[in-house]
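If you read the sequences in order, they're chains V and E.
No gaps in the numbering here: position 254 of the first sequence is 257 in the numbering used here, and each next residue is one more.
No gaps in the numbering here: position 79 of the second sequence is 82 in the numbering used here, and each next residue is one more.
Please note that a few of the clues may not be correct.
Which copy is meant is left open, so a pair is good if it fits within one copy or across any two.
Mimicking EDC-like on lysine to aspartate or glutamate, the simulated pairs with C-alpha atoms at most 16 Å apart in a straight line are [stated by the list, open to error]:
1. K36 / D279
2. K266 / D200
3. K272 / D125
4. K131 / D279
5. K139 / E286
6. K40 / E109
7. K15 / D230
8. K290 / D279
9. K139 / D283
10. K82 / E109
Derived by calculation from the structure, the hints in this document are not laboratory data.
Computed from a predicted model, the values in this text were never measured in an experiment.
2 protein chains.
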Amino acid sequence: MSKIKTSYIQGKSQGSIQANLEYYSLKIEEASKSGSKLIILPELFLWDYFPITENKKHFDLAISLDSKEVKHFQNLAKKLKVNLVLPVFEKSVDENFFNTALTLNESGEIISHYRKMHIPYDPGFYEKFYFTPGDKSFLVADTSIGKLGVLICFDQWFPEAARIMTLGGVQLITYPTAIGWDEQECRGLSQQALREDELNAWITIMRAHAIANGVYVIAVNRVGKEDHLTFWGNSFVCDPLGRILVQSGTEEDIQVCEIDFSKIETTRKIWTFLRDRRVDSYEPILKN
Amino acid sequence: MSKIKTSYIQGKSQGSIQANLEYYSLKIEEASKSGSKLIILPELFLWDYFPITENKKHFDLAISLDSKEVKHFQNLAKKLKVNLVLPVFEKSVDENFFNTALTLNESGEIISHYRKMHIPYDPGFYEKFYFTPGDKSFLVADTSIGKLGVLICFDQWFPEAARIMTLGGVQLITYPTAIGWDEQECRGLSQQALREDELNAWITIMRAHAIANGVYVIAVNRVGKEDHLTFWGNSFVCDPLGRILVQSGTEEDIQVCEIDFSKIETTRKIWTFLRDRRVDSYEPILKN
């Protein structure tokens, strides 16, 4: 199966887990009507972006992998016969907390369980307060429609993550994301020009991962204002040459995009980067 | 010294080593008049791009590090008091051949001797026929004006190279380059749109190295048509946020660009990527 339809849902938090569950379920149903076999949701899509502040009470918002919320989406994936990338605020059996993304197959089974490896900690993005850094390395989700590499948000700034996914055989890397501008200017983003530059850098680095690795990339952000953060949307899909195929603005949006996996081989025959790596010389990457 | 002026020379081959030596020497003199303390030349700037074909006789074109050509530029660097990034087709004492870039300081001394690590081999770019892959790893050139990471052309497609340079302390990565379109269409580039896409990918991936690592990047390409290759120019400088500061078209060009090294620290304080790497998990990068 060379060509598949994929969808992403660029949504806005509805203020509670239950409200978001209903909101995104409707959107998943809508996306599946297009014939999409893979539907991707934004980072922590069931929650307000709680790491905007540091507050112990937010630990109560975490859910387990056998929670009713996860089961709900397992049933939905099975009913619609779609693969679903499902980001969750995970409470583990031993009471650790992770920023997680599950991959569900068309039968609703969890076939991959990724825990965000790179955890940010910046004004408005206090994730180290909540999340244990991922302990499962970079996992390939081997679905019936192709090999997915699910990473999460901040992972997108690290070429190592995309490279390791590629070396593991992935054809499509997806980044459920929650990124935006901080109106408190605490990240130095007071000027409009700088805001555009940050957005531009965010798109550029993920296009570069596609180019360096000869894979598709799907970035799925949220939108809307939450406290002093404005999530910048601009979710997109790009091909292995880094060409943007579809892109959203700053409003709620569902996009459907056809992915042609045969283009990966075509591109890699032109650009033989993976042939010419110097693995004998990369050891310094293992140090800071 | 936070701010320095740098120049690059986007030149066109004049058909012989001697003609190119004279042509580039004049341009170096011109660039130095702007007050530039660092001048960068394109890959193999003294030669027609001979790897366009495979021909044993081209080995006779290589020069040694104590050749009169290298001495000429050492004298020029000393006379003008500039640092010079000098790409050469190097014949080593034991008759190996390398695609090399020397860094000369203001006294004309060779302070860094980099041998291209990633060697392409594609129709029109038969470099593996000529060049032994670099055996000196990724070297930091510690100049009086800052720490340079000199890489060469094809290296630009490998995030590992830029990352290792950064971990070694470089503030500015430069890529002397010879890249263009092949009119024989053998690289699948028959359509104008695809040509633009390739150029765009080339710029994108180097901007991404700047962003991922919080460093400046200077890419210096050649122009002109040689046999069935048309070198695409478009040399540029970008800052640690990936913002393009100056950029050339497809004609011969000298650009002067002020680099403010203090922006590196500013950017890295906003974007703390280097703080948050997961060096415990990157081992798969050492394999193919």
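Going through the hints against the structure:
In this assembly of identical chains, K36 and D279 lie within 16 Å of each other by CA distance neither inside one copy nor across copies; the values are 43 Å within and 40 Å between. In this homomeric assembly, K266 and D200 come within 16 Å of each other (Cα to Cα) only across copies, at 14 Å, whereas the closest approach inside a single copy is 30 Å. In this homomeric assembly, K272 and D125 come within 16 Å of each other (Cα to Cα) only across copies, at 10 Å, whereas the closest approach inside a single copy is 41 Å. When the C-alpha separation of K131 and D279 is checked against a cutoff of 16 Å, the pair qualifies only between copies, where the shortest distance is 10 Å, while the shortest distance within a copy is 37 Å.
Within a single copy, K139 and E286 get their C-alpha atoms only as close as 21 Å, which misses the 16 Å cut-off; across copies the closest is 14 Å, which meets it. Proximity of K40 and E109 under a CA criterion of 16 Å is satisfied intra-copy only: 8 Å inside one chain copy versus 61 Å between copies. For the identical chains of this complex, K15 and D230 are intra-copy neighbours only, at 13 Å inside a copy versus 55 Å across copies, given an alpha-carbon limit of 16 Å. For a Cα distance limit of 16 Å, the shortest separation of K290 from D279 across copies, 12 Å, qualifies, whereas the shortest one inside one copy, 23 Å, does not.
Proximity of K139 to D283 under the C-alpha cut-off of 16 Å is restricted to the inter-copy arrangement: shortest distance 11 Å between copies versus 25 Å within a copy. In the homo-oligomer, the alpha carbons of K82 and E109 lie at most 16 Å apart inside one protomer (8 Å), although the nearest pairing across protomers, at 71 Å, exceeds that limit.
The structure shown violates just one earlier hint, number 1.
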